[in-house]
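Start from chain A and add chains B, C, D, E and F according to the hints.
Residue numbers (this note's numbering), protein chains in the order written: chain A, 168 to 222; chain B, 168 to 222; chain C, 168 to 222; chain D, 35 to 101; chain E, 35 to 101; chain F, 35 to 101.
For the record, the hints were derived by calculation from the structure and aren't laboratory data. Owing to the predicted nature of the structure, the values given are computational and were not obtained by experimental measurement. Even glycine gets a Cβ: it sits at the ideal position worked out from N, Cα and C. You may find that some hints are simply not true.
[What the hints assert, rightly or not] Sample of chain D residues with no beta-carbon within 12 Å of chain B, all distances over it, derived:
(1) Ala36
(2) Gln37
(3) His41
(4) Ser67
(5) Ala73
[What the hints assert, rightly or not] Here are the in silico distance ranges between beta carbons for each label pair:
(6) B:Arg215 - E:Thr62: 22 to 30 Å
(7) F:Arg94 - D:Val87: 50 to 58 Å
(8) D:Ser67 - E:Ala38: 36 to 44 Å
(9) E:Val87 - D:Ser65: 24 to 32 Å
Spelled out, the chains give:
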Amino acid sequence: AQELMNKTNEKCFAKCVTKPSTSLSGSEETCLARCLDRYMEAFNIVSRSYISRIS
Amino acid sequence: AQELMNKTNEKCFAKCVTKPSTSLSGSEETCLARCLDRYMEAFNIVSRSYISRIS
Amino acid sequence: AQELMNKTNEKCFAKCVTKPSTSLSGSEETCLARCLDRYMEAFNIVSRSYISRIS
Amino acid sequence: QAQARLHSSIHMLTSMCWDKCVTGTPSTRFSRSEEGCLANCVDRFLDTSLFMVKKIEEQRAQHGQLS
Amino acid sequence: QAQARLHSSIHMLTSMCWDKCVTGTPSTRFSRSEEGCLANCVDRFLDTSLFMVKKIEEQRAQHGQLS
Amino acid sequence: QAQARLHSSIHMLTSMCWDKCVTGTPSTRFSRSEEGCLANCVDRFLDTSLFMVKKIEEQRAQHGQLS
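In isolation and in its complexed conformation, chain A is listed as follows (with noise of 0.2 Å):
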């Protein structure tokens, strides 16, 4: 789980915060709080098809 979050922070620090300023502005957050969903599902997605074609 740790490594996960480490891949999410990164992945999507770099995708949302592109001229990183003197605080989080609302946009940055909102684009954080959805892109985290979205490397979750993406997550899941490539290990449901990994497991079913390793298998």
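Positioned in the frame of chain A, the structure of chains B, C, D, E and F alone reads:
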């Protein structure tokens, strides 16, 4: 040899399969076959340069 | 210190030597010298921010 | 240990397929093309690995015949 | 060992913030926007980590209420 | 162990020089510019490392004189 295959797969998938669909297309397979040959060639060029420089 | 040098070489080669030719040109060397100073400066800015935040 | 390798493969594939398939700003759901890309990404990557192994074995067989 | 983790975090953050903030050819000094970006990059990355943890805890609490 | 370090350097250099030099779709042979770039990439990377060490030693010597 395992690491060379892993790297080749990663680089060639990135280059040749830009929009993964329901199967590998003929043009994707052509690209992959050429990419495999070119990556091996690049590996040989780099190995020769590096070994002759450090010897 | 070894890891800092490795990272600096990697980042500055990527930025300054875009088309490797038969020797480093004068403008590539100027770029590399500036890049070295800027990467060290960035490392110091990041270290200060990180240490003051986690203290 | 097999468990650790499995997890590490899934993290690598998620990261790679995310970069390939999710190109826009994250929305409340994936677009149809992002979803299709993600669903196919793992299978095509594994197909790619098998294809590469097959090509290498073909080349070895050819070289064997020539020698 | 804590020292090693600290160094590894600083190297990771320097590399990431360099790629995000320093986009032009290196000059004799950082531009004002590069300097501001670098100065804020670490703090916003750590804010991002905290924000993500908070979101996950909110979602867990909601799921708890529903069950 | 020296063997392992040698292999790891060659893999790192191949990956880096591939990304820098091979920008188009793979063809049946490298273009002249791709081939030249690959042939020079390792040597210029090693030149870069030596240049950086020289610069750092110059700076240390200068600081030594000033103090």
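Hint check:
{"no.": "1", "hint": "Ala36", "result": "16 Å, holds"}
{"no.": "2", "hint": "Gln37", "result": "20 Å, holds"}
{"no.": "3", "hint": "His41", "result": "17 Å, holds"}
{"no.": "4", "hint": "Ser67", "result": "8 Å, violated"}
{"no.": "5", "hint": "Ala73", "result": "8 Å, violated"}
{"no.": "6", "hint": "B:Arg215 - E:Thr62: 22 to 30 Å", "result": "38 Å, violated"}
{"no.": "7", "hint": "F:Arg94 - D:Val87: 50 to 58 Å", "result": "51 Å, holds"}
{"no.": "8", "hint": "D:Ser67 - E:Ala38: 36 to 44 Å", "result": "43 Å, holds"}
{"no.": "9", "hint": "E:Val87 - D:Ser65: 24 to 32 Å", "result": "28 Å, holds"}
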